[in-house]
Amino acid sequence: MAMTRPDPKRMQLEHEYSSALRDCVGGAGEVALSHAYELGRMAAGTGIGVVELAAIHDTALREVLGQSAPPPEVDQFFAEALSPFEMTHRGFREANERLEAAVRELESFSYSVSHDLRAPLRTISAFTQALADDLRYQLDDKAKDHLRRVLAAAARMSDLIDALLELSRISRQPLGRHAVDISAVALAAVDDLRRRDVTRKLGATVQAGLVAEADGRLVRILFDNLIGNAWKFTAKTENPHVIVGAERRDAETVFFVRDNGAGFDMTYVDRLFTPFQRLHSEREYGGTGIGLATVKRIVERHGGRIWAESAVGQGASFYFTLPA
Amino acid sequence: MSEVRVVIQREADIVLARQAGRQLAAQLGFSVSDQTLIATAISEVARNIVVYAVHGEIVLMRFDDGDRIGIQVQAVDNGPGIDNKELAMRDGYSTKNSLGLGLPGARRLMDDFALDSEVGRGTTVTMKKWKR
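Here the protein sequences line up with chains A and B, keeping their order. Heads up: the first sequence begins at 1 in the numbering used here, then just goes up one per residue. Heads up: the second sequence begins at 1 in the numbering used here, then just goes up one per residue.
Think of the hints as simulated: they come from the structure by calculation, not from any bench. Check each hint, because a few of them may be wrong.
Cβ-to-Cβ under 10 angstroms is the rule here; a few derived chain A residues that face chain B [to be verified]: (1) R10; (2) E30; (3) L33; (4) E38; (5) G40; (6) R41; (7) G45; (8) S68; (9) V74; (10) S83; (11) F85; (12) R93; (13) E94; (14) L135.
Covered by chain A, per the in silico footprint, the following chain B stretches (three or more residues, Cβ under 8 angstroms) [to be verified]: (15) 14-21; (16) 38-45.
Note that the Cβ used here is the ideal one computed from N, Cα and C, for glycine as well.
Required output: the full structure, derived from the provided sequences and hints.
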């Protein structure tokens with residue numbers, strides 16, 4: 001059985017904190033304040049957080065003062081103990097700002113690269129097509145097949161570039177917030193897919209009255225991708241079906257999109273939301289490999305979380321939150 | 001302009017430097033929470049003297065450049081000096097696992113920070129905080 005052993009550093013800190021606080025109440029002045037700073041510094045340097053330090057402070061207060069009202073210097077003492085955290089806090093903030101700037105730079109780099117790849121790709125497609133037309137009576141079947149493959153690869157690359165541009169646009173554009181009729185958006189996404197491929201059938205059950213304070217345009221892209229996924233991975237399922245709904249969990253609304261398709265092995269769930277990581281071969285199910293990364297980006301821009309549950313052959317469920 | 005000098009040789013001297021800094025900051029009208037930050041910054045640079053230089057001084061004075069007034073804190077020592085100043089200002093360099101403590105931490109608590117050091121001659125840290 002696992003036992004939680006008391007951390008010796010924490011015990012030492014508790015002990016010293018009480019004795020320094022006693023000195024402070026006894027009128028030790030700057031000596032006690034300096035000691036408080038040293039203890040706060042020790043805490044900040046050994047991974048004891050502000051919340052834990054506050055608990056240590058409360059315990060020491062009871063120990064030193066019992067029920068009597070704390071004198072004003074006790075607050076000063078606590079402020080001195082917290083001040084080293086002001087240094088680490090500002091340090092983290094600076095590091096975070098640098099990180100954000102680096103991410104912004106990477107995003108704009110990825111945007112311009114994707115954007116600049118479009119023109120030469122268009123040239124490749126156009127001239128390959130021209131070549132295929134011009135030489136259609138001269139080329140043998142093998143050569144024609146080669147040209148067809150070039151065109152197919154160019155079309156696929158164009159899809160990838162479009163998906164990358166969309167992903168980076170989602171990260172860069174300001175986020176709007178208004179009441180979005182989630183049920184209507186989900187139904188529209190289903191209708192769209194049905195219209196695009198009338199040969200296929202997909203049953204859909206959408207819970208009525210789903211709403212969220214969100215960016216409607218991004219939510220539409222989110223459902224296009226999630227329901228598009230359900231559409232794709234139920235291609236080999238008998239009676240393919242998708243369910244969209246929401247449930248209350250710990251005071252938050254969790255939306256879900258559930259299908260009865262191919263599902264995936266939970267061993268690889270970490271890779272699911274990473275761009276270009278696929279859990280199924282492209283030949284088997286197609287797609288850019290960017291869809292779920294896009295979905296995750298949209299959820300995160302709303303300050304929400306996304307996760308998935310599945311088993312091979314058992315369908316997949318995607319859960320996400322869109323906090324107001 | 002009058003200045004306060006506190007000799008730093010032992011840990012106990014850090015307390016005196018803090019006290020003098022807090023007093024001057026209070027006289028200059030800094031808020032209580034700013035006084036705490038100034039005392040903390042003084043602790044960090046005074047600590048460096050005790051740990052690395054053994055002997056030095058904290059020099060405190062009122063600062064006035066016509067535009068702003070504030071407090072200037074100088075830590076002066078004739079210790080071994082700092083070989084790589086850039087490295088010394090990097091987070092977690094001398095104090096492992098403690099992003100933001102030490103010299104970089106002191107810099108972030110103050111408005112102005114300058115590190116001057118020469119190997120074999122010593123180190124001078126000059127920090128300022130303006131009154132808002």
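Do the hints match the structure? See the list:
1. R10: violated, 16 angstroms
2. E30: holds, 4 angstroms
3. L33: holds, 7 angstroms
4. E38: Because about 8 angstroms separates E38(A) from the closest Cβ in chain B, which is inside the 10 angstroms limit, the hint holds.
5. G40: OK, holds: G40(A) within 10 angstroms of chain B, min 9 angstroms.
6. R41: holds, 6 angstroms
7. G45: holds, 4 angstroms
8. S68: Hint violated; S68(A) Cβ to chain B Cβ min 23 angstroms, cut 10 angstroms.
9. V74: At about 14 angstroms, which exceeds the 10 angstroms cut-off, the nearest Cβ of chain B leaves the hint on V74(A) violated.
10. S83: With a closest approach of 4 angstroms, the S83(A) hint holds.
11. F85: holds, 9 angstroms
12. R93: holds, 9 angstroms
13. E94: holds, 7 angstroms
14. L135: violated, 63 angstroms
15. 14-21: holds (count 5)
16. 38-45: Satisfied; 4 residues make the cut.
Of the hints listed earlier, those the structure fails to meet are numbers 1, 8, 9 and 14, in rising order.
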